[in-house]
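If you read the sequences in order, they're chains A and B. All residue numbers in the first sequence are consecutive under this note's numbering, ending with 286. All residue numbers in the second sequence are consecutive under this note's numbering, ending with 269.
Interface residues of chain A toward chain B, partial, derived using beta-carbon atoms under 10 angstroms:
id : residue
1  : Arg160
2  : Lys191
3  : Pro193
4  : Cys195
5  : Leu196
6  : Pro222
7  : Arg225
Capping the alpha-carbon separation at 30 angstroms, the derived lysine-lysine pairs in DSBU-like fashion look like this:
id : chain 1 : residue 1 : chain 2 : residue 2
8  : B       : Lys124    : A       : Lys223
9  : B       : Lys124    : A       : Lys191
10 : B       : Lys254    : A       : Lys223
11 : A       : Lys191    : A       : Lys223
12 : A       : Lys223    : A       : Lys108
13 : B       : Lys173    : A       : Lys191
14 : A       : Lys239    : A       : Lys200
Anything over 12 angstroms on all C-beta distances counts as not near chain B; from chain A, calculated:
id : residue
15 : Val49
16 : Ser72
17 : Val75
18 : Glu107
19 : Arg136
20 : Val143
21 : Glu176
22 : Glu179
23 : Val205
24 : Glu247
25 : Val266
Simulated from the structure, these hints should not be mistaken for lab results. From the three backbone atoms N, C-alpha and C, an ideal C-beta is built for every residue, glycine too.
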Amino acid sequence: MKVFTDIAWGQWLSSGFLLVLGLFLGSLAGRSVSRFMAGRSSRHHTVMVRRLVFYVIVVLFSIASLREAGFSLDVVLGAAGILTVAIGFASQTSASNMISGLFLLVEKPFEIGDFIEVDATLGEVIGIDMLSVKLRTADNLFVRIPNETLIKTRVINRSRFPIRRLDLMLGIAYAEDVERVEALLLELAEKDPSCLEEPKPFTLVTAFGPSSVDVQFSFWVPKERVLEGRSGMMVAIKKALDHAEIEIPFPHTSVYAGSHSEPFRVQLLGPGTNTEKDLLDANKDS
Amino acid sequence: MENNNENRRDGVWGQPYALASGQTQFHQLGHIRLWVTLLDLEWQIRSETLELDTDPASWTETIGHTLPAASVPLQRFVREKQSSAVTFVPAVANLPTVIRPYQPLTIPAGGRCTIYVGTPVWMKVCVGERQTMLAEVPLALPSLTWVGRNTMEGELCYSSTSYARMVLEAVPKRPWRAVTPVTLINRRSEPLLLERFSLPTPLLSLHQNERGQLWTPGVTVEVETDMNSASLHVDQFLLAAAGTCRPVADAREKLARGRLVRAFDRMFG
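Using the sequences plus the hints, can you model the full thing?
Right, dumping it as structure tokens:
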């Protein structure tokens, strides 16, 4: 019973109260700052300042709370030093992630709201925290990547610059006029409102493939219109080539079933597939 | 879907039109067709963009009861306080507009010239006494372009090809384009080849004269001694040739100083 009466309950209570008050005020101040900065600054800066305000207030109140509880700050710091050495070996990963986090903040390779690609993961940055970076992928998965990984690996920031170049590869049949196809593609770029006039779109013949002449069609779009720019242009290309009766070939495969067996008979069904050009050798022979 | 020719009138900026419940106002203006419908509890706006080879010169409006095909996209808005008036307010482009003369123009060393350019405007559909904006529609589908030193530094702009006419009478006046006089002063000792020029349209206010034409204040660009900078000045007053004008829309962005200095390569190509 004496043990309980010896404890300075009032001191501990006021210490606890200070700690809770610090958390409450820190959270309140953080939210106020966040609301104030929301329309005036980027999402990244808003979150960073909100966190800074929160941590500063919480640390100040924690120090006051420790003093109220009767701890000398020198002793606490000394103990922290010893603890750091003691647990340092056991918490190498955490320490490494924390230091990497600091480097990420200083180097700023990406901000909250940017679309980044780390290894094979592509997503929007929704948080840069002490130990890890959080991503939301396009299919709405939550991905946590340790800061250390981000420092070590190759990170592609897809939102850094306001415009992006899209390179579409398409193959056209050897029988077609390549220059006519190039003119047609450039005309499509001119008509597409997502496609920038400058830098100019261009086409390149990249290879004589096994079944097609490979053409690269490159054009620039604002970073917000990458998906619609790519998809819209591919649909437009397909329509325009169909309209101009330009063939997009597909790889032809011959199936050989051995020297002693009869060749497979292949028949193409559907309208437009029974032209002379489309008939297979097996059909011709029969 | 077609409206009677008898009811067809010229559209006017900034004038409230009163609609009865169930009525639809149809507009053909610039490269768009617009339908505004008033119902008991809601406003409906439908618009479609036309692919035109030539610029239409007129703005017609009709009030009736016909609606377009269901394929035309529809926007619905809650109707408040039984407001039945709809007003159409013009607005300048929200990005700078790059003016590219069909034929480049050379300004000799120490020379100056004034070119008149017409830039397409946006139509704000506003309702009620307080003119609450419901939608904003571009009257010509603008194409985008990039102006800058490289693909990293610069800004996104709308693009507009122009004849860069130097005679005001030769500039076609259309109700959906705003005319801006641009004075270019070349103070350098070398000629200046004007291949393209970025007009800071968000900084310009819109004014309407007695003939219903839209005008913006003039812009003066002074190219200094080196290629690195040019100064830009937005005039306080309108060109005298515009006649008596009344302001119809403020600039989208405020000009912090009377004289704006920008990087040279962001202004010229």
